Amino acid sequence: MKTAGYLGLDVGSISTNLVIVDAAGTVLHETYRRVGGSPIASVQSALLDAQAVLGESVQIAGVCTTGSGRNLIGAVVGADVVKNEISAHAHAAIHLHPEVQTIFEIGGQDSKVTLVRDGVVVDFAMNLVCAAGTGSFLDSQAIRLGITIPDLSERAAQSTAPTSIAGRCTVFAESDMIHKQQTGHRQEDILMGLCHAMVRNFLSNVCAGKEILAPVVLQGGVSANLGIRRAFSEILKIDPIIPKHNMVMGAYGAALIASKAGIRQTIFRGYDLCLRAIFTQSFGCTDCPNLCEIVEIVDAGRLISRSGGRCRKWEGDTTPSKEKIESK
Amino acid sequence: MNMPQLAIEPWGNYSLALAASVECLHVRPWTHTCTTPEILKLGVEASPEFSCLSFKVTTGHFIKAAMEGVEYGVMVNSQGTCRLRYYRMLQQKLLKERGFNLFIFGLGYDGIKPPLIRHFDPTMNDFLRCCFRARLKVLTIDELETAAWTRRAVEQRPGDTTRVMNTALRDLDQARTVPEIAAFRKTIPARFNQIPVHADRRPLKVALLGEATILRNSFLNQNIEEVLGGLGVEVRNFFLLGEEMRNIFNIGLWSKNGRSALRRLAKPYLGTPVGGHALTSVAHTVRCAQEGWDGVIHVSPAGCMPEISVRPVLRKISQDMDIPVYECSFDEHTSQVGMITRLEAFVDVLTGRRRKKGL
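Heads up: the protein sequence lines correspond to chains A and B, in order.
In terms of our numbering, the first sequence has 246 at position 262, counting the first letter as 1, and numbering is strictly consecutive.
Positions in the second sequence are counted from 1; adding 1324 to them yields our numbering.
One should not assume that every hint holds.
As the list claims (entries may be wrong) - What follows is a set of in silico ranges between Cβ atoms, one per label pair, in the way DEER data are often shown: (1) Met1569(B) <-> Arg248(A): 45 to 55 Å; (2) Leu1414(B) <-> Phe267(A): 35 to 45 Å; (3) Ser1584(B) <-> Gln265(A): 53 to 63 Å; (4) Leu32(A) <-> Gln1480(B): 31 to 41 Å; (5) Arg152(A) <-> Thr1470(B): 41 to 51 Å; (6) Glu277(A) <-> Arg1494(B): 24 to 34 Å; (7) Ser1584(B) <-> Ala150(A): 46 to 56 Å; (8) Thr264(A) <-> Glu1369(B): 27 to 37 Å; (9) Gly1595(B) <-> Arg152(A): 29 to 39 Å; (10) Arg1639(B) <-> Thr144(A): 34 to 44 Å; (11) Arg1487(B) <-> Phe267(A): 15 to 25 Å.
To be clear, the hints were calculated from the coordinates, so they are not data collected in a lab.
Quick caveat: nothing in here was measured; it's all calculated off a predicted structure.
Where is the CB? At the ideal position from N, CA and C, for every residue including glycine.
So that you can see chain B by itself, here it is in the shape it has in the complex (with noise of 0.2 Å):
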């Protein structure tokens, strides 16, 4: 049987969820959990000098699907003011002038079938099983992605959680149907506890929030969330595609991370959209604020337009609501060693931050 290819961008640990979403479409899927430089290299040679790393590296992914003869892609497609709304077109131009034929779908605000649907065209019965299979599986890896967080910062012995987590995500993968895979999230907290930990630790509570491609790329984040778990510090990511989804699909408007929300606690600081992940960046670090977190990291590729917009905004919510913040940009040339340096110290300050207030 000659399937067709569809090259799906790279999400994380999401993409094995997005994998599973696109069997419905009898096509089968062609991702990557997270880039290797091999495909960064292909993204930066092919793509303007300027442009933010995650279009370097979305770019980068199709061209290698389009050398290994893949013919569909898919995109998402944003609204608003930030530039990857017009990423999908360039990418196609960028992969037409080098001769591949590789053909992007957008997917977005599209209607109620958008063209990746139509073209592929499944019966409604199979769509509808892909849909619920595929929202299991994320709402799945955010599960697992929270309980790593938290048992990171206190487990014994350096790299028990990754290892116990990168199982736990073969296996996710391996499960197919509805059942298994509700078999499976049962497992989770069983994973999870057999890792020693040092339980009487208070570990820092840092959040994680900026731009979701670095967010969830452990390559292009040169691997924060394992750097930061290492130095013993709870991290959030707060990319978490269930509640991203359900803001999507706006059936979030009570919950306390929907839009609303979201705009009420940002509003003395952020009046009007910036695009991208700019409103959840403002509003997640008030929240953090208030709610007494540590410290905040905001991540962002160099040039990001929404995420530099906020940053003064960030730098003014971090004196008044007295949270330290701290910056980075990433890019194709972020070098590890001066990554780790600069996490440590901050680390550092955050401890004696806590021992000074006596906590």
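Same shape as in the complex, but just chain A (with noise of 0.2 Å):
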């Protein structure tokens, strides 16, 4: 008898994730890999290794995406729910640990904070413009040092005596981390003063004004490294929980709610779309002079999408382009 699993696939601006649950919301599979250049190739491959551990055991009964590229990847693999990243990842963290009151989420590119009251989301924010005390700062200075993220994980939990580095820019951060390093200080010192400095700045920035109240849970790519925990609990004085799932969050968010969606015939594409090349490409409406730029997701050679355009009216139209600009 074959069990019935709801997938979710949330697909960030560093790591595509895929969680399968079961209908009681026990986790089947999960998966964490780095997007690269193709958000549709790592989905592929993803699904592909769901399929792989899984086997047919497991039907897809119902399919919700999240993340920056919900959209896309909704269209592509055929999801019931799109659901935004930041209400899937509250989700994952209220089913987990229902009396949590704040969540920090820290991911790729963005870090927000939520918060919770008796179990319903109330306030939430987001980081604008600056990516300062993201994931993506620290892949670049381990980058720079020559060391992997998880080795800069464990040096900076190694730390005796941190030093002070600025956190309110990256790119001051950086001057100021060689800076550091040609005064003579330790390695392990200047990594976790850097943790600091980025939990610093997320504290001052997106979570200026909201009130945190314990019990916090961590989460997202970030919640891994140990130096950031640390600087955590050291400069909030309250242990961050680190929940079960804590780097597929999103995705296991997102499955949650699709298993909760109601879901009675899903439009999930099937396991095959992994084996096809599906490719998009894009072009400029000349219709009126906002000039949209139109996405259209091409599978095996046929047209599945178009989207893009502010008056919707290309939306579900999946006229080959050649015909369609003949019939103009």
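Reconstruct the complex from the two isolated chains, following the hints.
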């Protein structure tokens, strides 16, 4: 007998995460992988993985996509629900820790705080134009120092005398780190100083004016970093809870949402989509001065979706471009 | 016949009414209901970086107009502390530096006969006729907008309301005389009633407040009305020109949206004038809380002095009166994807709040 599985896909700036849960919300499979240049290809390989692991025992009964690529991937895989990542992350955290009051989520390029009272989201904030204090910055620093991210995490946690690093801006933080390294501070202490700076920046920019109450859940890709965890508990004087699926909470939330959405017949397009060449192309619509860019998704030579126009007239129109232009 | 042309700053759909109003001056109006990427680019290039988006956009419109050979322009003057009152002079200089001969008239508190009217000097008959026409068009557009906001939240097929609205606006633009406009106005309910709706839904009610240029320009606010409508939210954009006109001419003394009524409402939170639309933002937030609206979205251009001044005030009202307020600032870099993500999350918060309260 086949189990009904609900698929959650979180397509973010840095990683593509996939979680499959059963009807009760138990995780059957999870993947975290770096996106690289092509979100579609990374989703395809994540899906192939899932199929290889679960085999024929699980039947996908519902799909929910989230993350900044949610609409694109939603059209590619056939998503029943498309949910924003703020709600998806909160959903997962509340499911695992119903008593949570504050959720910190630090991802590749965004960081957000969500306030929860009595199991309901009451307020949220997300970084606007500055990526200081997100995973991308840690990434670039690790590359500069020639170490890996897990390395950075462990070394920072071993620091005994963290230095102080200016955290207002990533560019200046970097100059400050170079300065400290030239004056002879140990790398561990500089790295921990960096973690402190990132957390201070996050608390003073994103969380400005928000009431932070324990219990605090810390999730998102950066929550795997021991230095960042340590910085949060030292600055806030609250030990953040790291949930069980901390790296894939967005996808987990999406999967939970799919499992509770009451989907009767899923529009999931099947694992076969991993084996076909799916690519996107775009063109500028010249029908009005808005000059919108219309994105087309082509699946094995067949146009399956169009989107992007402000006037919505392209939405759902899948006449092949050639005929479309000729008919004008 | 070689009539001079007059460029009017963009006021969303109200541009149609304003265009009709200047015909009495025997000039051809030049205007847009919404900014295009090209106009924004022109404005951004010409403007100081830290000026607000409203400045950049209106400057862009005047430059584009000048490039198309328009001789005159008209721009509102404002009283009070908003920098808008100097925008016209600065824009005039920017145009001159670029070698354009477009003269911008100010329109505001310039006495009974503003320079614009003095220059073109229409007959009293023409003037009055156009005033009536414009007033009726403004009121008609108010009615259209209100109908669209309520319908869009419950429409069955996404996009229906927008289609009806666009056709209606085109038809309204064709209506020239007062009887024609009045006849058009009668068709509004029928037009919107033909849209199939989910009659059983009780959509969330969200107020859009803040700075008028952003509220009114669907290009600048990333189409916020339609995005929210698509999420099943009934919005009300609190900048309705009909209401605003009553205030300007001070015949709104007794109306519930009159200045004095608003000042009374805002009194506990805002004792001094801050300029811009600060008073309306504060007063309407208080009223929305009293009337039990689901939430308020406060929009402003990044760097807008009056609106930034009232943000802490709005946060206080939000705490005191238990009404969620979401603040968003717009500049030329605002990404639509990020905007939609935040709006969706805000709508989720409001839905959760309703469920929790058992409403």
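A quick look at each hint next to the structure:
no., hint, verdict
1, Met1569(B) <-> Arg248(A): 45 to 55 Å, "holds, 52 Å"
2, Leu1414(B) <-> Phe267(A): 35 to 45 Å, "holds, 39 Å"
3, Ser1584(B) <-> Gln265(A): 53 to 63 Å, "holds, 59 Å"
4, Leu32(A) <-> Gln1480(B): 31 to 41 Å, "holds, 38 Å"
5, Arg152(A) <-> Thr1470(B): 41 to 51 Å, "holds, 46 Å"
6, Glu277(A) <-> Arg1494(B): 24 to 34 Å, "holds, 25 Å"
7, Ser1584(B) <-> Ala150(A): 46 to 56 Å, "holds, 51 Å"
8, Thr264(A) <-> Glu1369(B): 27 to 37 Å, "holds, 31 Å"
9, Gly1595(B) <-> Arg152(A): 29 to 39 Å, "holds, 34 Å"
10, Arg1639(B) <-> Thr144(A): 34 to 44 Å, "holds, 41 Å"
11, Arg1487(B) <-> Phe267(A): 15 to 25 Å, "holds, 23 Å"
Taken one by one, the earlier hints all hold for this structure without exception.
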